[in-house]
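Fit chain L to the known structure of chain Y by using the hints.
Protein chains in written order, with our numbering: chain Y, 14 to 270; chain L, 2 to 274.
These aren't lab readings, by the way, just hints derived from the structure by calculation. Quick reminder that beta carbons are idealized off the backbone N, C-alpha and C, glycines included. None of the hints are false.
Lysine-lysine pairs mimicking DSSO-like chemistry, simulated, CA-CA at most 27 Å apart:
no., chain 1, residue 1, chain 2, residue 2
1, Y, LYS138, L, LYS56
2, Y, LYS261, Y, LYS34
3, L, LYS155, L, LYS246
4, Y, LYS123, L, LYS56
5, L, LYS155, Y, LYS133
6, Y, LYS229, Y, LYS16
7, L, LYS239, Y, LYS123
8, L, LYS46, L, LYS155
9, Y, LYS133, L, LYS56
10, Y, LYS138, L, LYS155
11, Y, LYS229, Y, LYS215
12, Y, LYS138, Y, LYS123
13, L, LYS24, L, LYS239
14, L, LYS56, L, LYS155
15, L, LYS46, L, LYS56
16, Y, LYS143, L, LYS56
17, L, LYS246, L, LYS125
18, Y, LYS133, L, LYS46
19, L, LYS125, L, LYS155
20, Y, LYS34, L, LYS239
21, L, LYS239, L, LYS25
22, Y, LYS133, Y, LYS123
23, Y, LYS261, Y, LYS16
24, L, LYS246, L, LYS25
25, Y, LYS16, Y, LYS215
26, L, LYS56, L, LYS125
27, Y, LYS143, Y, LYS133
28, Y, LYS143, Y, LYS215
29, L, LYS155, Y, LYS123
30, Y, LYS215, Y, LYS123
Distance windows between CB atoms, simulated:
no., chain 1, residue 1, chain 2, residue 2, range
31, L, ILE83, Y, SER62, 56 to 66 Å
32, L, SER271, Y, ASP39, 48 to 58 Å
33, Y, ASP257, L, ARG60, 53 to 63 Å
Here's a subset of chain L near chain Y, in silico, CB distances under 7 Å, partners left out:
no., residue
34, GLN142
35, VAL148
36, GLY150
37, THR151
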Amino acid sequence: MEKQSAPIDHNNAVIRVHGLKKSFGDYPVLRGVDLELYQGENLVVLGRSGTGKSVLIKIISGLLQADSGTVEVLGNDIAHLNTRELRELRIRIGFSFQNSALYDSMTVRKNLEFPLVRNKTNITKPEIDKAVESVLDAVGLSQTINQMPSELSGGQRKRIGIARTLILNPEIMLYDEPTAGLDPITCIEINDLINEVQQNYKTSSIIITHDLTCAKQTGDRVAMLLDGQFQREGSFDQVFDTNDARVKPFFDYNFIK
Amino acid sequence: MDTANINLPEEQPLRHKRFDGLKKSLSNFFITLSNINTFILRFFKEAFAPPYEFKEIVRQCYETGVRSFTLITLTGFIVGVIFTKQSRPSLEVFGASSWLPSLVSIAIMRALAPLVTALIAAGKVGSSIGAELGSMRVTEQIDAMEVSGTNPFKYLVCTRVLATTLTIPILATYNGLIGILGGFLNVYVNEGTSWRTYIQQVFDPLTFVDFAASLSKAIVFGFTIGIVGCYQGYNSDKGTEGVGKAANGAVVTAMFLVFIEEIVIVQIASWFR
Chain Y
14 MEKQSAPIDH NNAVIRVHGL KKSFGDYPVL RGVDLELYQG ENLVVLGRSG
64 TGKSVLIKII SGLLQADSGT VEVLGNDIAH LNTRELRELR IRIGFSFQNS
114 ALYDSMTVRK NLEFPLVRNK TNITKPEIDK AVESVLDAVG LSQTINQMPS
164 ELSGGQRKRI GIARTLILNP EIMLYDEPTA GLDPITCIEI NDLINEVQQN
214 YKTSSIIITH DLTCAKQTGD RVAMLLDGQF QREGSFDQVF DTNDARVKPF
264 FDYNFIK
Chain L
2 MDTANINLPE EQPLRHKRFD GLKKSLSNFF ITLSNINTFI LRFFKEAFAP
52 PYEFKEIVRQ CYETGVRSFT LITLTGFIVG VIFTKQSRPS LEVFGASSWL
102 PSLVSIAIMR ALAPLVTALI AAGKVGSSIG AELGSMRVTE QIDAMEVSGT
152 NPFKYLVCTR VLATTLTIPI LATYNGLIGI LGGFLNVYVN EGTSWRTYIQ
202 QVFDPLTFVD FAASLSKAIV FGFTIGIVGC YQGYNSDKGT EGVGKAANGA
252 VVTAMFLVFI EEIVIVQIAS WFR
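With the rest of the complex left out, here is chain Y (with noise of 0.2 Å):
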């Protein structure tokens, strides 16, 4: 499905990463990233494995310290804020994990009422109900409601991990690669479901892939991380017409040339 252009409000970043930088032991990972995601867009972070990109939207979810620099997130700063701001914070941000992270323990159900019932003290059973069925009818995915996530296929779990961020109503989504593991047409389907909830919920979102379909039928701009560093940064074309020995085997590697 082609992408709809989203109405995208440039003078207001939700996101705004300066001089980020992270190591693992003596391993610099990011090495100073400069980045800021407006307000109704989906930014695209593209990147070989191991760059960083999944480490970068930790930091911003507050999962992970960075070593220096500031992110500023819905007009907060993450590193001042005390626990219970930081949760509060949370409940705005959707983060769609790669693996999609459901509680094997409980019912598609209960995963979906879990972030909601601890979150909404005064919620309804009814309100409750209601929310479930309309994040899992947004995923397209009623039927599996009472069903165990050992029971679901890959794409499934995906979209179901989907929802479960969706059912908070949150400002910001992060996707950790969303179409790893999945099979061509299940990534169209995930990817056209990322349009979906950026038009429908109204979501600014970051998606972290490799996947160059991925990147061109959801983002409204793509950024590269190379080095530790955001090299390229446009659209999908843009970031693409390049000679640029280290962009350009990611581009040609690829089917869609």
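Coordinates of chain L only, in the frame set by chain Y:
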């Protein structure tokens, strides 16, 4: 090739290497000790602060208690029968086989019931907690809880530690009673002692200190098994190997600590007798 000017790195003397290894091991040991300390302090800070996870605590009590019930019943009974059977010949030498019920009750209530229950729980419950949390860590389920605004430490760790601390004393008491029942079966078959006489002889030598020490031990063992299992699982390494290590570490460390605590509590109890 002229090798005269090549600067080869000086080889460290063997004793320096050994010293470095020892220094690293000691440093790792103290870092782990400090991490465990922080983990325990965090438990006390978060377990008793609202919101309380009553529903999850009850579920974990069921998982810990009810699921171990059959095993505890079986082992308690076997321990009672075997202990009575093995003790009889020694007492008969001194013509003191009538003291058998008292010996059984003292041994079971003071030492065997809490210890056997703790060892079984360390194997069954501790490993299960370590593996479950380790697997949740590896598959990013703990991270998923954290990013969805839930406090995973409170939901996963505090509930499990409270559940083991609450249920293991109950299981230990039950194990003791079943052990005494096993002892009765053996005494009844061999000496024809009545149930009433047996029970009277069983409870006569027991004092308040015995019950208090036994209960304290079971509480401490329960806390240890829970906290060790959770620590190992919650901090497990990435990968399936990490899950295995967490489960194994939970059992081995908990068993070792249970024996250390047994010695300490027995010594403290002896001061009150």
